[in-house]
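2 protein chains.
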Amino acid sequence: MADEVILLDFWPSPFGVRARIALREKGVKFEYREENLRDKSPLLLQMNPVHKKIPVLIHNGKPVCESMNVVQYIDEVWSDKNPLLPSDPYQRAQARFWVDFIDTKVYEPADKIWSTKGEVQETAKKEYIEALKILEAELGDKPYFGGDNFGFVDIAMTGYYMWFEASEKCGNFRIEPECPTLMASARRCLQRDSVVNSVPDPEKIVEFAFKIRKIYCV
Amino acid sequence: MADEVILLDFWPSPFGVRARIALREKGVKFEYREENLRDKSPLLLQMNPVHKKIPVLIHNGKPVCESMNVVQYIDEVWSDKNPLLPSDPYQRAQARFWVDFIDTKVYEPADKIWSTKGEVQETAKKEYIEALKILEAELGDKPYFGGDNFGFVDIAMTGYYMWFEASEKCGNFRIEPECPTLMASARRCLQRDSVVNSVPDPEKIVEFAFKIRKIYCV
Numbered sequence: 001m002a003d004e005v006i007l008l009d010f011w012p013s014p015f016g017v018r019a020r021i022a023l024r025e026k027g028v029k030f031e032y033r034e035e036n037l038r039d040k041s042p043l044l045l046q047m048n049p050v051h052k053k054i055p056v057l058i059h060n061g062k063p064v065c066e067s068m069n070v071v072q073y074i075d076e077v078w079s080d081k082n083p084l085l086p087s088d089p090y091q092r093a094q095a096r097f098w099v100d101f102i103d104t105k106v107y108e109p110a111d112k113i114w115s116t117k118g119e120v121q122e123t124a125k126k127e128y129i130e131a132l133k134i135l136e137a138e139l140g141d142k143p144y145f146g147g148d149n150f151g152f153v154d155i156a157m158t159g160y161y162m163w164f165e166a167s168e169k170c171g172n173f174r175i176e177p178e179c180p181t182l183m184a185s186a187r188r189c190l191q192r193d194s195v196v197n198s199v200p201d202p203e204k205i206v207e208f209a210f211k212i213r214k215i216y217c218v
Numbered sequence: 001m002a003d004e005v006i007l008l009d010f011w012p013s014p015f016g017v018r019a020r021i022a023l024r025e026k027g028v029k030f031e032y033r034e035e036n037l038r039d040k041s042p043l044l045l046q047m048n049p050v051h052k053k054i055p056v057l058i059h060n061g062k063p064v065c066e067s068m069n070v071v072q073y074i075d076e077v078w079s080d081k082n083p084l085l086p087s088d089p090y091q092r093a094q095a096r097f098w099v100d101f102i103d104t105k106v107y108e109p110a111d112k113i114w115s116t117k118g119e120v121q122e123t124a125k126k127e128y129i130e131a132l133k134i135l136e137a138e139l140g141d142k143p144y145f146g147g148d149n150f151g152f153v154d155i156a157m158t159g160y161y162m163w164f165e166a167s168e169k170c171g172n173f174r175i176e177p178e179c180p181t182l183m184a185s186a187r188r189c190l191q192r193d194s195v196v197n198s199v200p201d202p203e204k205i206v207e208f209a210f211k212i213r214k215i216y217c218v
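Quick note, the sequences are listed as chains A and B, same order.
Number 186 in full-length UniProt numbering belongs to position 186 of the first sequence; there are no gaps in the numbering.
Number 107 in full-length UniProt numbering belongs to position 107 of the second sequence; there are no gaps in the numbering.
Chain A on its own, in the form it takes in the complex:
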């Protein structure tokens, strides 16, 4: 029997896109189901009763939740193609460390840049650039965080790369002068087939961000 793989997702989500990319890196066929986050489907509520959040990967009826947990699950189940995590335990620990850094230090300021204004937004911009600079230093002269290969940390970051333009426009600032190496790696990531097929048009994300921004920043 073929695997049944369903992804509950929301198109501009920097988290949902991680699962999409991982599945495409592995060549896994899946059914994409768009969720309306203001009227969540009974399936989403049933499959992720604790957090009620996307993405949820439903593999042969069984749910896996939390985006990077989903990515790691995909890497372990479809282990024959394009490994996302390194095999060496030390390198694996480093990759998990940086993903945790991204989810704690990049997420919050990124979120505030498009949902706040004034001083709060200014502080968020500073914190965002500070976190990106730490990542820039970690990247060094490697093409990807995964070294020569697009990997676990790159997938985590691609969710933010696809939001770079919207972040810059909402915050009226530029990332490239501060983080040229990271920006070069971002472009490299955004050109991959698995990513091109998973990431929405940046213009649409900008439009979405400003639409939501109007609600948050009245």
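What the hints contain is simulated information worked out from the structure, not anything from laboratory work.
Honestly, I wouldn't trust all of these hints.
With a straight-line cut-off of 20 angstroms between C-alpha atoms, the simulated EDC-like cross-links for lysine to aspartate or glutamate are [stated by the list, open to error]: (1) B:Lys-52 x A:Glu-31; (2) A:Lys-105 x B:Glu-108; (3) B:Lys-105 x B:Glu-34; (4) A:Lys-53 x B:Asp-100; (5) A:Lys-53 x B:Glu-34; (6) B:Lys-52 x A:Glu-130; (7) B:Lys-53 x A:Glu-138; (8) A:Lys-53 x B:Glu-130; (9) B:Lys-52 x A:Glu-136; (10) B:Lys-62 x A:Glu-138; (11) B:Lys-204 x B:Glu-34; (12) A:Lys-52 x B:Asp-103; (13) A:Lys-52 x B:Glu-127; (14) B:Lys-53 x A:Glu-130; (15) B:Lys-53 x A:Asp-100; (16) A:Lys-62 x B:Asp-88; (17) B:Lys-105 x A:Glu-127; (18) B:Lys-105 x B:Glu-138; (19) A:Lys-53 x A:Asp-88; (20) B:Lys-52 x A:Asp-100; (21) A:Lys-81 x B:Asp-88; (22) B:Lys-105 x A:Asp-103; (23) A:Lys-62 x B:Glu-138; (24) A:Lys-62 x B:Asp-100; (25) B:Lys-52 x A:Asp-88; (26) A:Lys-52 x B:Glu-136; (27) B:Lys-26 x A:Asp-88; (28) B:Lys-105 x A:Asp-100; (29) B:Lys-52 x A:Asp-103; (30) A:Lys-105 x B:Asp-103.
With the hints as your guide, set chain B onto chain A.
Then chain B, alone, in the frame of chain A:
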């Protein structure tokens, strides 16, 4: 050459203890180095320049940071004894999901119970019990979160189990009537050799909590 394993730690830390327990589950000999968190050692600052936090495991000169990342590293390096994560990818994903739940939904209210008072503390107590009840339901009739075996999720929780008495005394409430099954599992965990040898005397934690509480709740 034998492995050189050093753990930078702080005795009452619910995070540090996770690394201690994992090392003892695996029978790994290690040098424990107590950190003064008000005057961090140059070694800690050098080994964890990003977060500057304990625990840090230094294995043959190379640092691994973030407690559950350390535990997973230990599990992968010393894989021949007492596996902490299951081998099945789905079960592994479930274990990681619950550890993430603990670190996001248990940590914050637990922290507030001993560091705040009044309404903030009351809300924290409610949120704490709510989170523990979700864990109680997940535990079901299993002796451990790891099923018949003490595992990854149990190690994550033991840091909180060792603080239960201090939390109850600081918050003037009781956990057992709300979560009898979780409490039974907590007692089981706290009796393990690896845990007994890693966890400080509960009285000392109570004393520590009230000492710090005096500073936060003036």
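Now the hints, each set against the structure:
1. Restraint check for Lys-52 (chain B) and Glu-31 (chain A): not satisfied, since their Cα atoms lie roughly 43 angstroms apart, outside the 20 angstroms limit.
2. Simply put, Lys-105 (chain A) and Glu-108 (chain B) have alpha-carbon atoms about 17 angstroms apart, close enough for the 20 angstroms limit, and the pair holds.
3. Of the supplied pair hints, the one linking Lys-105 (chain B) and Glu-34 (chain B) is violated, its CA atoms being roughly 28 angstroms apart against a limit of 20 angstroms.
4. Proximity of Lys-53 (chain A) to Asp-100 (chain B) is assessed by CA-CA distance (about 14 angstroms); at most 20 angstroms being required, the pair is judged to hold.
5. Restraint check for Lys-53 (chain A) and Glu-34 (chain B): not satisfied, since their Cα atoms lie roughly 40 angstroms apart, outside the 20 angstroms limit.
6. Distance restraint check for Lys-52 (chain B) and Glu-130 (chain A): the Cα-Cα separation of roughly 16 angstroms lies within the 20 angstroms cut-off, and the hinted pair is therefore satisfied.
7. Of the supplied pair hints, the one linking Lys-53 (chain B) and Glu-138 (chain A) holds, its CA atoms being roughly 18 angstroms apart against a limit of 20 angstroms.
8. The hinted pair formed by Lys-53 (chain A) and Glu-130 (chain B) meets the criterion: a straight-line CA distance of about 18 angstroms does not exceed 20 angstroms.
9. At most 20 angstroms may separate the alpha-carbon atoms for a hinted pair to count; Lys-52 (chain B) and Glu-136 (chain A) meet this at roughly 19 angstroms.
10. As the CA atoms of Lys-62 (chain B) and Glu-138 (chain A) are separated by approximately 16 angstroms, the hinted pair is consistent with the 20 angstroms bound.
11. Taking the CA atoms of Lys-204 (chain B) and Glu-34 (chain B), the gap is about 16 angstroms. The hint holds against a cut of 20 angstroms.
12. At most 20 angstroms may separate the alpha-carbon atoms for a hinted pair to count; Lys-52 (chain A) and Asp-103 (chain B) meet this at roughly 18 angstroms.
13. As the CA atoms of Lys-52 (chain A) and Glu-127 (chain B) are separated by approximately 17 angstroms, the hinted pair is consistent with the 20 angstroms bound.
14. For the proposed pair Lys-53 (chain B) and Glu-130 (chain A), the alpha carbon gap of about 18 angstroms is at most 20 angstroms, so the pair holds.
15. About 14 angstroms separates the Cα atoms of Lys-53 (chain B) and Asp-100 (chain A), which keeps this hinted pair within 20 angstroms; it holds.
16. Simply put, Lys-62 (chain A) and Asp-88 (chain B) have alpha-carbon atoms about 13 angstroms apart, close enough for the 20 angstroms limit, and the pair holds.
17. A distance of roughly 24 angstroms separates the Cα atoms of Lys-105 (chain B) and Glu-127 (chain A); the hinted pair therefore is violated under the 20 angstroms criterion.
18. Among the hinted pairs, Lys-105 (chain B) with Glu-138 (chain B) is consistent with the structure: their alpha-carbon atoms are about 14 angstroms apart, no more than 20 angstroms.
19. Only pairs whose Cα atoms come within 20 angstroms are accepted, and Lys-53 (chain A) paired with Asp-88 (chain A) is rejected, the gap being roughly 32 angstroms.
20. Straight-line distance between C-alpha atoms of Lys-52 (chain B) and Asp-100 (chain A) comes to about 15 angstroms, which keeps the hinted pair within the 20 angstroms bound.
21. A distance of roughly 18 angstroms separates the Cα atoms of Lys-81 (chain A) and Asp-88 (chain B); the hinted pair therefore holds under the 20 angstroms criterion.
22. Taken as a hint, the Lys-105 (chain B) and Asp-103 (chain A) pair is honoured in the structure, with Cα atoms around 15 angstroms apart against an allowance of 20 angstroms.
23. For a cut-off of 20 angstroms, the pair hint linking Lys-62 (chain A) to Glu-138 (chain B) stands: about 16 angstroms separates their Cα positions.
24. Distance restraint check for Lys-62 (chain A) and Asp-100 (chain B): the Cα-Cα separation of roughly 19 angstroms lies within the 20 angstroms cut-off, and the hinted pair is therefore satisfied.
25. For the given pair, Lys-52 (chain B) sits about 25 angstroms from Asp-88 (chain A) by alpha-carbon distance, which is inconsistent with the 20 angstroms threshold.
26. This hinted pair checks out: Lys-52 (chain A) and Glu-136 (chain B) have alpha carbons roughly 19 angstroms apart, not beyond 20 angstroms.
27. Distance hint between Lys-26 (chain B) and Asp-88 (chain A) is fulfilled; the C-alpha atoms sit about 19 angstroms from each other, no more than 20 angstroms.
28. Proximity of Lys-105 (chain B) to Asp-100 (chain A) is assessed by CA-CA distance (about 16 angstroms); at most 20 angstroms being required, the pair is judged to hold.
29. Taken as a hint, the Lys-52 (chain B) and Asp-103 (chain A) pair is honoured in the structure, with Cα atoms around 17 angstroms apart against an allowance of 20 angstroms.
30. Our distance criterion of 20 angstroms between C-alpha atoms is met by Lys-105 (chain A) and Asp-103 (chain B), whose separation comes to about 15 angstroms.
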